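Engineer: Sequence:
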Amino acid sequence: MAGTGTSTTRSPSPERGPGAPSAEQALLRAGQALCERPGALRELGALLEAADPSWLRGSAGSAALARLAAALGGLAAPPRREQDGAEPPGRDTALAAVAERAERVGAAFLLLLQKLEDAPSQESPVKPIPKRVLGHAFIFAVTHKEERPWTTARSRAVAQEVLERLLRAAGCASVEEFLQGKEGDEDGRFGEVMGILKQELTKDTWKRNPASKDVFSWSLLRVGRPWLCPHLERVLPPALLLSDDFQEENKVLGVRCLHHIVLNVPGADLCQFNRAQVVFHALYNHLYSREAPLIQAVLLCLLDLLPVLERCQRRQGQGRASSSSPWHQVLQLLLAHMEAEHRLALRRVYAGTLPAFVTRLGILIVRHLRRLERVILGYLEVSDGPGEEARLGILQTLQCTIEHAWPRMPCRLPVLLKALLRLLWDVHSERGPTPEPVRAALLQEGTQCLILLDRCCQGRVKVLLAGLHSSCEENRLQECFRKVQEST
1 MAGTGTSTTR SPSPERGPGA PSAEQALLRA GQALCERPGA LRELGALLEA
51 ADPSWLRGSA GSAALARLAA ALGGLAAPPR REQDGAEPPG RDTALAAVAE
101 RAERVGAAFL LLLQKLEDAP SQESPVKPIP KRVLGHAFIF AVTHKEERPW
151 TTARSRAVAQ EVLERLLRAA GCASVEEFLQ GKEGDEDGRF GEVMGILKQE
201 LTKDTWKRNP ASKDVFSWSL LRVGRPWLCP HLERVLPPAL LLSDDFQEEN
251 KVLGVRCLHH IVLNVPGADL CQFNRAQVVF HALYNHLYSR EAPLIQAVLL
301 CLLDLLPVLE RCQRRQGQGR ASSSSPWHQV LQLLLAHMEA EHRLALRRVY
351 AGTLPAFVTR LGILIVRHLR RLERVILGYL EVSDGPGEEA RLGILQTLQC
401 TIEHAWPRMP CRLPVLLKAL LRLLWDVHSE RGPTPEPVRA ALLQEGTQCL
451 ILLDRCCQGR VKVLLAGLHS SCEENRLQEC FRKVQEST
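Under the numbering used here, the first residue of the sequence shown carries the number 1, and numbering increases by one thereafter.
It is worth saying that the hints were derived from the structure and are not from the lab.
These numbers were taken from a predicted model, which means no experiment stands behind them.
Simulated DEER-style distance windows between Cβ atoms: (1) GLU339 - GLN160: 46 to 54 Å; (2) PRO407 - PRO266: 33 to 41 Å; (3) GLN247 - ALA173: 34 to 42 Å; (4) TYR284 - GLU339: 14 to 22 Å.
Below are the DMTMM-like pairs computed for lysine to aspartate or glutamate, each with C-alpha atoms no more than 20 Å apart in a straight line: (5) LYS115 - GLU103; (6) LYS203 - ASP214; (7) LYS203 - ASP244; (8) LYS131 - GLU177; (9) LYS203 - GLU233; (10) LYS418 - GLU479; (11) LYS115 - GLU164; (12) LYS418 - GLU445; (13) LYS131 - GLU176; (14) LYS462 - GLU486; (15) LYS462 - GLU445; (16) LYS203 - GLU248; (17) LYS198 - GLU233; (18) LYS131 - GLU192; (19) LYS462 - GLU479; (20) LYS203 - ASP245; (21) LYS115 - GLU49; (22) LYS198 - ASP245; (23) LYS131 - GLU164; (24) LYS418 - GLU373; (25) LYS182 - GLU164; (26) LYS131 - ASP187; (27) LYS198 - ASP244; (28) LYS483 - GLU403; (29) LYS198 - ASP214; (30) LYS418 - GLU430; (31) LYS462 - GLU403.
No residue lacks a Cβ here, since even glycine has one placed at the ideal position from N, Cα and C.
All chains should be built: construct the whole structure from the sequences, respecting the hints.
Structural biologist: See below:
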């Protein structure tokens, strides 16, 4: 049993197994006392200083230090919320207490890492610091290093110092190297971090710990190819949980995590067990949202996910030509929303991503030309502010449409030409808040559309503009018409 003599503070060597539990209990007691007594940090330091290096590096010492690191991380955890994410009573007081404890816990982690880094092995080559200790220290540092309701400037500084000491102790030059491992070495710590977070990222628990989603997303976004694929089963369910939440902030975060997974996991692995289809349905449901940040994140993710689904369907004998293709489903819904949308923020997001969808579909865009034409005409008529992001995006969409569906353009020439000339006149004549570079970009993109139309209509645009060119007294419009006349 632990006493008050030397045996209490000096850990025995691995051969003295019966004494090891007493040393472990002493470490745990000192760590848990940090909540109540700042002086417990000195006690913990004395225990670590007196510990036998060979015991610290042995299996018994590693297990004890892992439990100590887990206890320290638990002491600095933010106040737990209700299962639905509601804040408990006395939130402000609890947050201040967490920040104060985090400073002491951070100092304890620094002490522990320094001791493990400096402790040599007298009987065998130096063993690496236990992954479990590194994992708990990493989670603590990420939880407290950013500005959050449970942090202060001092606690953030301590957490940042813990992260830097952690990387040095692990022999890593960056967080990415720490999580992924070095080139040719699969011994990264991301699996250990996810193993510790596993219980905090289930359907019933992820909202109770407000820091779990931050640690998960911050870590996930720093693991790329090919290191992420082995952890797909661990990272995909939490990302789907986040994206399925009712709060927009969590939805956007979840979609960004899904996008990172799509970009960094091979398509063959995503297609296994219908994972890609599950992700597609989760994203497709978000297209009915009215929040611009979420729609933008979803559309960008779909642009990278849909080619993966297309390859899966091609193996099954289907493809983009099928009317049930996800490409056509998404574009049909997207155009339906664009046609009726009046919010400028959403119009900008839709118009900014539409050219990529048209380009990816290629000639198959002809299936949507009727509705796409209505969208283009409607968006060209309405200014969306000084930046004119929606109009510029629609002009780029029109260029892509002409390039890919040029055989269908001659019959639409009168309508499109009228809309483009009206746009050029409005941009030239209106003296609003639009900056001069934006006006010049609108004129340039509109002129390019006229040139493309002329090429696919066998010069009919030049003939129609010949009279306008001679009668127009506006220099800028004359310049636009001249460019069309000189195009080959």
